[in-house]
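Going line by line, the protein sequences match chains A and B.
So in the working numbering, spot 174 of the first sequence is number 177, and the numbers just go up one at a time.
So in the working numbering, spot 178 of the second sequence is number 1214, and the numbers just go up one at a time.
Everything labelled a hint here was simulated from the structure, so no lab data went into it.
Take the hints with a grain of salt, since some may be wrong.
With a cut-off of at most 27 Å between alpha-carbon atoms, the simulated BS3-like pairs for lysine-lysine come out as follows [unchecked claim]: (1) 1525(B) x 130(A); (2) 1370(B) x 100(A); (3) 1347(B) x 1334(B); (4) 180(A) x 1432(B); (5) 100(A) x 1431(B); (6) 1520(B) x 180(A); (7) 102(A) x 1500(B); (8) 1129(B) x 82(A); (9) 1232(B) x 1213(B); (10) 100(A) x 1213(B); (11) 1520(B) x 102(A).
Note that the structure is a prediction, hence the values are computed from the model and not measured.
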Amino acid sequence: MDRREFLKTIGIGIGGVACGDILIPSIVKAQNAFGGNEFFGVLVDTTRCIGCMRCEMACAEAHNLPLPDISNDSVFEKKRNTTETRWTVVNRYETEKGKIFVKQQCMHCNQPACVAACLVKAMKKRKEAHVTWDTNCIGCRLCMVSCPFDMPKLEYNSPLPKIQKCNLCWDRFQEGKLPACVEACPVEALKFGARRDLLDEANSRIFQNPHNYVHHVYGGHEVGGTSYIYLSAVPFEQIGFRGDLGTTPYPEFTTGFLHAVPFVDVLWPLILLGINRAIRREED
Amino acid sequence: MNRKLFTFIVLIGICTYCFFLFRETGKIWSAEYKAGNAVARPIFISDTDMFKELERPPVGFYHDKHTVALEKEGCGVCHLQDEKGRFIFKYPKLRDEKTRQSLMNSYHDNCIGCHRERAKAGKKSGAVTCGECHVVKKGYEEWLRPVELDHYLHYQHEKALDKKCELCHHLYNEEEKKPIYKKGTESSCRDCHRGKEGGKTASFRKAAHADCINCHMEHNREGKTAGPSNCKGCHVEMKQRTISEMLAVPRPERGQPDKVIISSEDARMKGVPFDHRSHESYTRSCRTCHHKTLNNCKTCHPLKGSAKGNKVALADAYHRASSGRSCVGCHESKKSEPNCAGCHHSIKGALTNGYCLVCHSGSSREDQAVRRLETLNASLPEMAPEVIDIGVLKKKYMPVRFPHLAHVRKLFEISNRNRLANYFHADKAAICAGCHHYTPIEHKSPPPFCRDCHNVSFDLQDLKKPRLVAAYHLQCINCHKRMKLKPLKCTDCHAEKLMDKSLSHKNRSIKVR
């Protein structure tokens, strides 16, 4: 390497470092600040939600889905579910503490059952928390069966159906943007951040306003923890959450069996062969 | 065919017979009772002190049902009378509390015996087998409300009895073994008649039932107006007055002071001038602040606490925020009233300079109160703008025209109307702090803008602080919600702006709510 080339390399290196700071999106920077291997998440404070449905609109806009009519309040009369074209919905619950609005979408479990169930590895758990799916989905619906929150939805109207669900705005995340729903929320009922920090924030809100919240963060430990975590003023069963899920990650229910399969596969033929040999020798 | 028809007719006949049978029996059992009584719920007899663990479900006893059924025979059927003809409301008449078995027997003998006798005589009667009384009653709820003799009820009794306090209030002379009366020593009944059953003094329940019901019945017999003498009359139908309804009720007279300065020797702080008279009108009864005794606080709570006062020291007795009896506790609870909660829900009580001195002034407060009101009525801060245009969302909406001065005026008005607020909001900065939180408001300089602290964009590192849009929404919406103002729609603040269709990135119009 001559002197000119050396200087050139150094120059590019320094320039790159200088520009890099500008080019690297803020979220990626934040991610580095969090140590780079931290799950992200969203904290949903249902006591703040005003039911404006801006999140539904923003979600539809960001993912090219049919736009909902958010000026219509009557949708709250029936409990809605997410669909393949509506990845997040807001539902209204009448409780003793008045009307409570709850946004529902994929919970992005820390150890998702859908990923464990997927035959073709179309479902993926990204190391930043997003549970995404690829186009090689074969439409077997095993993820739908396995999901404790009933979130993956199949495109029943399509001739080649695939699974659709919230992907925590994976595309936007890579561009360094917030999830669309979080950005659209006018009252910051949704907070995006490192999951650990969000749990701290959720617990500190409960600590500071003990009368306003039930003392539980939903998603903190349910099914081994989820990336969407919820705060509520009333018991979570009253606002449509399942209280019977337990804290065991769903994939763990099958690991014991699945790990046994290779052993059986290997050992069973060996045993049979051994018996066979033993018997044959006697015959001889 | 004939046979089928025959069976069909017989079946129909049986059905009709059953229908009428059950309908009629239903009438027999419940008609009389339903007509006279709206409330038909049982009192549960379990006597767990004596019986400990029950072998069978407790008996649901319909007291008022028995009162109606035995109206002619009178209370004497079940209850003993003393020589003066006053009833001793004890059941069974000869209650044998020696052992579990004897108490059970006395219940069974009395109830079943009476039921059998009446049945023999051909009168309407009640259950005689075990399972008829010992039934598991599901969905049991407390329907007997405790009776509170509040200022209003007390005054009703005062009026009816010509202020003869001795008819109810009494002391007990141990030597002569009879109740005596001494003026100025009136106290709450519970002071002596504690809740415990079977003690030397009658339990509160016994004493109250014996005195109230006997007196009511006597008055009834003499043809005077009198209070109720059945269960539901006091425990269900009695209307509990609210404090505002009791404002016109004259105060009970027991020689209590109008105004005092609360102080103690050796106390570090100056004394607190206390208007006893005006506080009386903010309470339901004397027991709201005084416990069962109507003693001075210092009697049981000396400076360092005593065993009598549960080791609660004097300062704690006045300042404990979690107690409904202490000054601070009661005043704190006022903060959750709609008029106050708008600001106070977000302000976490930090002690400021001079906070203690609001109460601990050491001198009479009469002239101070006037001065404080004047300060509040004085002209509003000059720099407070009339209207503020908030244009954070001006891409989508017209700017919000926030009537700043109208809000300030309203808050001043609310604060001026409330006597408690007069003392604590003496400085107008206290009112501004409802919205301008965490910023010291000097009297001559405008407070910082919201955007000075609240970022326009989302800050991942600072999860505590909402961004600007959320800060505005949370502040406005939460305050309106807590003050129980009309629910706000988006368009109440944000005037609609017609979107240019070409601007929308998917060329689709967004409906704005």
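Hints, verified against the model:
1. Note on residue 1525(B) and residue 130(A): the hinted pairing is violated, with a Cα-Cα distance of about 41 Å set against a maximum of 27 Å.
2. Restraint check for residue 1370(B) and residue 100(A): the C-alpha separation of about 20 Å stays at or below 27 Å, so the hint holds.
3. Annotation: proposed proximity of residue 1347(B) to residue 1334(B) holds, straight-line Cα distance about 12 Å (limit 27 Å).
4. Pair hint residue 180(A) plus residue 1432(B) holds up; C-alpha atoms about 20 Å apart against a cutoff of 27 Å.
5. Distance restraint check for residue 100(A) and residue 1431(B): the Cα-Cα separation of roughly 35 Å exceeds the 27 Å cut-off, and the hinted pair is therefore not satisfied.
6. In summary, the hint linking residue 1520(B) to residue 180(A) is not supported, as the alpha carbons are separated by about 37 Å, beyond the 27 Å threshold.
7. With a CA separation close to 25 Å, the supplied pair residue 102(A) and residue 1500(B) stays within the 27 Å bound.
8. The suggested pairing of residue 1129(B) with residue 82(A) is violated, with an alpha-carbon distance near 60 Å, which exceeds 27 Å.
9. Restraint check for residue 1232(B) and residue 1213(B): the C-alpha separation of about 21 Å stays at or below 27 Å, so the hint holds.
10. Only pairs whose Cα atoms come within 27 Å are accepted, and residue 100(A) paired with residue 1213(B) is rejected, the gap being roughly 55 Å.
11. Restraint check for residue 1520(B) and residue 102(A): satisfied, since their Cα atoms lie roughly 14 Å apart, inside the 27 Å limit.
Of the numbered hints listed earlier, those contradicted by the structure are 1, 5, 6, 8, 10.
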